[in-house]
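A.B. asks: Use these hints to put chain H onto chain R, whose structure you have.
If you're matching them up, the sequences are chains R and H in order.
With the numbering used here, the residue at position 73 of the first sequence is 73, and numbering never jumps.
With the numbering used here, the residue at position 249 of the second sequence is 249, and numbering never jumps.
Rather than coming from a laboratory, the hints here were simulated on the basis of the structure.
Ideal Cβ positions, reconstructed from N, Cα and C, are used throughout, including at glycine.
A hint or two may mislead.
A partial selection of chain H residues facing chain R, derived with a Cβ cut-off under 8 angstroms [claimed, not checked]:
| no. | residue |
| --- | --- |
| 1 | M1 |
| 2 | R90 |
| 3 | I91 |
| 4 | N93 |
Here chain R is said to cover these stretches of chain H; the calculated rule only asks that three of the stretch's residues, wherever they fall, bring their Cβ under 8 angstroms from a Cβ of chain R [claimed, not checked]:
| no. | segment |
| --- | --- |
| 5 | 71-85 |
| 6 | 250-263 |
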Amino acid sequence: MLLSANHITKKIRGKTILQDISLQLEGGNVYGFVGRNGSGKTMLFRALSGLMAVSSGSVSIDGQVLRKDVSVLPSLGIVLENVGLYPDQTGMENLQYLARLRGLIGPDDIRTALVRVGLEPEDKRTYRKYSLGMKQRLAIAQAIMEKPDVIMLDEPTNGLDEDGVQLIRQLILEEKQRGALILLASHNKEDIRLLADHLFRIESGVISQEEVS
Amino acid sequence: MKRTLLLLLAAAVLGIWLSWVYINPYGGQILLSQLVLQLSGARGEFPLSPYLSGLLEFTLRLVPAFLFQAFVGIRLYQHYCTASVYVFSRIPNRIRWYAGQTAVIGLQALAYQLLLMLAALVTALLRWQVVWDAAGFLLFALHTLLYTLWLIMTAVLVNLLAIFQGSSAAFAWVTGGQLALLAPLSLLPLLDDAPLTQSLLVCLNPICRLILSWHTGQTRLLAPALAAPYRGLYPIHSVVLLLVLCAAVLAVGAQIIRRHDLIVSDMESGGK
Chain R
1 MLLSANHITK KIRGKTILQD ISLQLEGGNV YGFVGRNGSG KTMLFRALSG
51 LMAVSSGSVS IDGQVLRKDV SVLPSLGIVL ENVGLYPDQT GMENLQYLAR
101 LRGLIGPDDI RTALVRVGLE PEDKRTYRKY SLGMKQRLAI AQAIMEKPDV
151 IMLDEPTNGL DEDGVQLIRQ LILEEKQRGA LILLASHNKE DIRLLADHLF
201 RIESGVISQE EVS
Chain H
1 MKRTLLLLLA AAVLGIWLSW VYINPYGGQI LLSQLVLQLS GARGEFPLSP
51 YLSGLLEFTL RLVPAFLFQA FVGIRLYQHY CTASVYVFSR IPNRIRWYAG
101 QTAVIGLQAL AYQLLLMLAA LVTALLRWQV VWDAAGFLLF ALHTLLYTLW
151 LIMTAVLVNL LAIFQGSSAA FAWVTGGQLA LLAPLSLLPL LDDAPLTQSL
201 LVCLNPICRL ILSWHTGQTR LLAPALAAPY RGLYPIHSVV LLLVLCAAVL
251 AVGAQIIRRH DLIVSDMESG GK
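The shape of chain R in the complex, shown without the other chains (with noise of 0.2 angstroms):
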């Protein structure tokens, strides 16, 4: 599986967000993104997955276009920051709605991703209900539960503990094993040198390709 950039920019009312980015990512591998808060990480991640369309270049996955052949990615997960699940229903609940979406999997695939992430999948609480971290831990299993080719996971290990941490390395270490082309974009050091295969830097919208420490 490739997923290609091919001198990608992006304006949004005149300002340039993405300069002309070009990448070739394969999967089994982890690619690492650092970047100061701001520098366009999370407008990469939503210009490659196809959530947002880009000014120009492409995007394409094995040779589909994306928002030409396809809108996003076919086999995707993905986490980014600030964006919540529905605050009135479970956990097993939210994760049940999103996997009727695509319809691949069923309750136990469900229940595996959760407790993959360390949730338990009877929980009766509601979403609102959820500390920092447990909302973390749900976004991740959203993420990987339908086994997708592609996960890219924004500040993944933000607001959890250590043994969360060290839960969600070790899942994301599994699902390169299993092939999943990995993009990763932390603040955490610890995170970049431990998992990624490929480090990138992005400074205000220019990328630049760094040795892993």
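C.D. replies: Only chain H this time, still in chain R's reference frame:
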């Protein structure tokens, strides 16, 4: 499912209300065709008057439509609020998804309008002697069709505007738009000496297509029931016009849904 049941319950209650308030025949007997005309704006045996009192009464008859727009106006939009990224990352073909969602809106609109009319009819049957006439059945179907198209068009419009403006503003825009279409009708009495201009204004205003008593029946069956005060407002033209408007809104919507960037994560709070 719970929302749909609630919507259908509202349709039944509003149907009873419309019948109770507007179907009160002298002598206790009413033709089915007259009953339908009264639900679409006529007062007794007279067509809807374009005076303020008549227009206000017609606005009240639109309350069920406003309620439907409020209920169904978030069907598409709700997916742009919480969890939008997680929802749309699972929808590789947005057009197919949009087609499915709008088909559901269409079915809801039809069920809502049909139930509303049936509830009004049953209430009238319990209170008065309803005389069945062939034109009445045709008008019943026509009224249901015109209002269903109107409901679909306006509800989809609320959803589409909400993507840009938020749900409350979108509902206010669409409701305000409908009231804005009604307001100039109060000028019609001033044009009594210019019937052609008067008829033209009526024909150009799409909300007039909902007022069956302003139409002219072209068939032998409908001609006696629809003796319109205006020229050029024919039932078939109204059906075609509302179909075209509805199709236009759906087509524009398809483009919006296909192209819309998911940049703001929570539309209601504006969180990025």
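A.B. asks: All hints are to be evaluated individually against the structure, with a verdict given for each.
C.D. replies: Consistency of the hints with the structure:
1. M1: violated (13 angstroms)
2. R90: holds (4 angstroms)
3. I91: holds (6 angstroms)
4. N93: Hint on N93(H): holds, closest Cβ of chain R at ~6 angstroms, below 8 angstroms.
5. 71-85: It holds: at least three residues are needed, and the segment 71-85 of chain H offers 4 whose Cβ sits within less than 8 angstroms of chain R.
6. 250-263: It holds, with 5 qualifying residues against the three required.
When each numbered hint is compared with the structure, a violation occurs for hint 1 only.
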